[in-house]
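**Q** Chains as they are written, first to last, in the numbering used here: chain S, 1 to 460; chain D, 461 to 726.
Bear in mind the hints are in silico, worked out from the structure with no lab data behind them.
Where hints are given, some of them may not hold.
27 Å max Cα-Cα, derived DSSO-like pairs, lysine-lysine [as the list claims (entries may be wrong)]:
#1 573/D x 359/S
#2 567/D x 454/S
#3 225/S x 613/D
#4 359/S x 454/S
#5 270/S x 358/S
#6 567/D x 353/S
#7 454/S x 491/D
#8 454/S x 358/S
#9 340/S x 353/S
#10 567/D x 359/S
#11 613/D x 567/D
#12 270/S x 340/S
#13 613/D x 359/S
#14 491/D x 358/S
#15 613/D x 426/S
#16 358/S x 340/S
#17 454/S x 482/D
#18 353/S x 613/D
#19 567/D x 340/S
Single-letter residue listing:
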Amino acid sequence: MPLSILIAVLLTASAFAFYLGRGRAVAVAGGHVRNLHSLPSHYGAYVALWCALPAFGILAFWLVVEPAAIESFVVAGLPPEAANLPPDRLALLLNDIRNLADRGLVAGSGDQTVMAGAEHYLSLQRLGSTALTVIAIVLAMAGVAVGWRFVSPELRARNSVERTITAILVASSTIAIFTTIGIVLSLLFEAARFFNTVPVTEFLFGLEWSPQTAIREDQVGASGKFGAVPIFAGTMLISAIAMTVAVPIGLLSAIYMAEYAAPRVRSVIKPLLEILAGIPTVVYGFFAALTVAPFLRDNGSLLGLDVASESALAAGLVMGIMIVPFVSSISDDVITAVPKSLREGSLGLGATKSETIKKVVLPAALPGIVGGILLAVSRAIGETMIVVMAAGLAANLTANPLQAVTTVTVQIVTLLVGDQEFDSPKTLAAFALGLTLFCVTLVLNVYALFIVRKYREKYD
Amino acid sequence: MAALEMTTPDAAGNRPPKFSTKNVNVFYGEKQALFDVELDIVENQVTSLIGPSGCGKSTYLRCLNRMNDVVEECRVDGSILLDGHNIYDRSVDVVQLRAEVGMVFQKPNPFPKSIFDNVAYGPRIHGLTSNRAELVELVESSLIRAGLYEEVKDRLDNPGTSLSGGQQQRLCIARAIAVQPEVILMDEPCSALDPIATARIEELIDELRENFTIIIVTHSMQQAARVSQRTAFFHLGKLVEVGDTEMIFTTPQDQRTQDYITGRFG
Ligand SMILES: Nc1ncnc2c1ncn2[C@@H]1O[C@H](COP(=O)(O)OP(=O)(O)OP(=O)(O)O)[C@@H](O)[C@H]1O
Ligand SMILES: [Mg+2]
Chain S
1 MPLSILIAVL LTASAFAFYL GRGRAVAVAG GHVRNLHSLP SHYGAYVALW CALPAFGILA
61 FWLVVEPAAI ESFVVAGLPP EAANLPPDRL ALLLNDIRNL ADRGLVAGSG DQTVMAGAEH
121 YLSLQRLGST ALTVIAIVLA MAGVAVGWRF VSPELRARNS VERTITAILV ASSTIAIFTT
181 IGIVLSLLFE AARFFNTVPV TEFLFGLEWS PQTAIREDQV GASGKFGAVP IFAGTMLISA
241 IAMTVAVPIG LLSAIYMAEY AAPRVRSVIK PLLEILAGIP TVVYGFFAAL TVAPFLRDNG
301 SLLGLDVASE SALAAGLVMG IMIVPFVSSI SDDVITAVPK SLREGSLGLG ATKSETIKKV
361 VLPAALPGIV GGILLAVSRA IGETMIVVMA AGLAANLTAN PLQAVTTVTV QIVTLLVGDQ
421 EFDSPKTLAA FALGLTLFCV TLVLNVYALF IVRKYREKYD
Chain D
461 MAALEMTTPD AAGNRPPKFS TKNVNVFYGE KQALFDVELD IVENQVTSLI GPSGCGKSTY
521 LRCLNRMNDV VEECRVDGSI LLDGHNIYDR SVDVVQLRAE VGMVFQKPNP FPKSIFDNVA
581 YGPRIHGLTS NRAELVELVE SSLIRAGLYE EVKDRLDNPG TSLSGGQQQR LCIARAIAVQ
641 PEVILMDEPC SALDPIATAR IEELIDELRE NFTIIIVTHS MQQAARVSQR TAFFHLGKLV
701 EVGDTEMIFT TPQDQRTQDY ITGRFG
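Isolated chain S (complex conformation):
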């Protein structure tokens, strides 16, 4: 039975189990629901969980172990001369077998061993899925039976259900956390491999970045330079340009929205600004590359400036616009959260509205605003699409915003796009860059959240 149908069947069974359990609870209570420890629907959920959890548990277990199990059976069934191949050749052979089986057996393609292996593979797969279906359904029914037997007026169904649900929630959040840890670990290990070939000091302090290495041993050509300073400088430059656009615009519009705008105006402007945050970055990207960059180049040449067709300025400006909503929405929140009593205190002393904002409201909101800005900075540093499209690829070490620069994210993209040898320093460099980027944004985010938290405590 296909997996999706099996899942649907199990879900339907659980729904039935719910009604069964509820009916059973009412029955054992002799129609007097008040005799029960919990509400009838809790008993329903109790039986439904008995039905669903074991069955889905075995299903999940099977999905995890199936590939490895089938593989080892296939290997065991191979003729001895194939089974004794060295590991990497064996892996290739298994790959062929899997490919053949997935495409469906086409007679005459591939050699005899592969054909036989693929057939074996498919039959194992069929067997496995049948067994799974039977076991899951039997477990589900057994679960219903057990749950049903347990239902009695004394059963603390509510507590059991609540505890199970808590466990499921905890499990879900653990999955998210472990995934993150996994990603970080893989970053760490790959980066460590990179630093085996390229010293950390060269990576962190080298002034030249040209990651092209010879692909074959006998090829002449560059051996690659992995000094990351130019690309981090480029990232900083573009982020700085973005922040010089985003901070004033975002902050001033937040002040306007929070302090001056009539409620009706505010109810229009705020969602409008938040729509900006919903525009896909790719759209910003081609806006930067096709509209802003040519505009800057043309006007630059009118002024006698030499503007590259892909410039840090174009990317930074557009990125700044993209970030405005982050700054303005967080600032608006913290400014509105400044207690009314502070404003009245200042107004009551004869301060004007703008004096009050400047001298009382903004200083009180400052930690929160700074936190918001830091979050926006980490957003700018990690932003990819706009810079890929508008900032260029040349790793120039320059502070001139009119030239093309490149950023960490752009380099990661270019390093990994296309066919790559997986353990060349060039590819591994992407992980080193990713790790560094991750560390920087992590520190920024933690610091920003710390500041925001501290600020919250003060006014709650």
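Following the hints, position chain D with the ligands against chain S.
**A** The following block gives chain D with the ligands in isolation, referenced to the frame of chain S:
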């Protein structure tokens, strides 16, 4: 004028009132919060406003320095004269008015600045001092008059929010005094404080009476009796009765006043 009369002037004293309000009607949108309030406030006296919750005491108080301007849907009608000039007149500068009529709020609301900067806030925005030395002197004398100086003189750079509730409230009083107003409005200034801090503030109010005209809203009958010379009783947006505090608390003319001060409602 006899010295005796100076210290205990009565409502019919021959000096013109500091505030003179007539036909004051206040509306929040459609809802009327005050009805034809007519009340005179005597100079260098403490006047307390009492009455059940929601009767319009705060609303009336906030008319006197036009804090109601901040509330969007609030409308004030009638004449409110400060030293004979209508404060709702077009020509009146609200900033100037609020410098003359200071306010202390129910909850202490020190700014997130140092103690010194809190007190210096008003003088700075009004440009009351011309150099640092004068400013320091003004801040210190305000703190002294608010009875806080001894407790904070070693830590003027600490944030105002680091003080205790009672100290914060005295800081707010110092902050109001520093602007050198003529009138100080206080809206339940002790309701967030413990009895000892309250007693301290009450003492302070009594001392301040010498130089300022004080109007205080309070829910505590004892407090009104202790600190004020005149008491006004509000009920459902109307001024029911006003007179010497002693008279209001001993021989009230109106049945509603009688009921309120004997605790029969409110
Ligand atoms: N900003 C406002 N918007 C609308 N109505 C208001 C507003 N402020 C006060 N009111 C109304 O005006 C009336 C008087 O309120 P006010 O705050 O003056 O009462 P109060 O006597 O100070 O009460 P309390 O002793 O509880 O402080 C109340 O009915 C209140 O609902
Ligand atoms: Mg009030």
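**Q** To test your reading of the hints: which numbers does this structure violate?
**A** 3, 7, 14, 15, 17, 18
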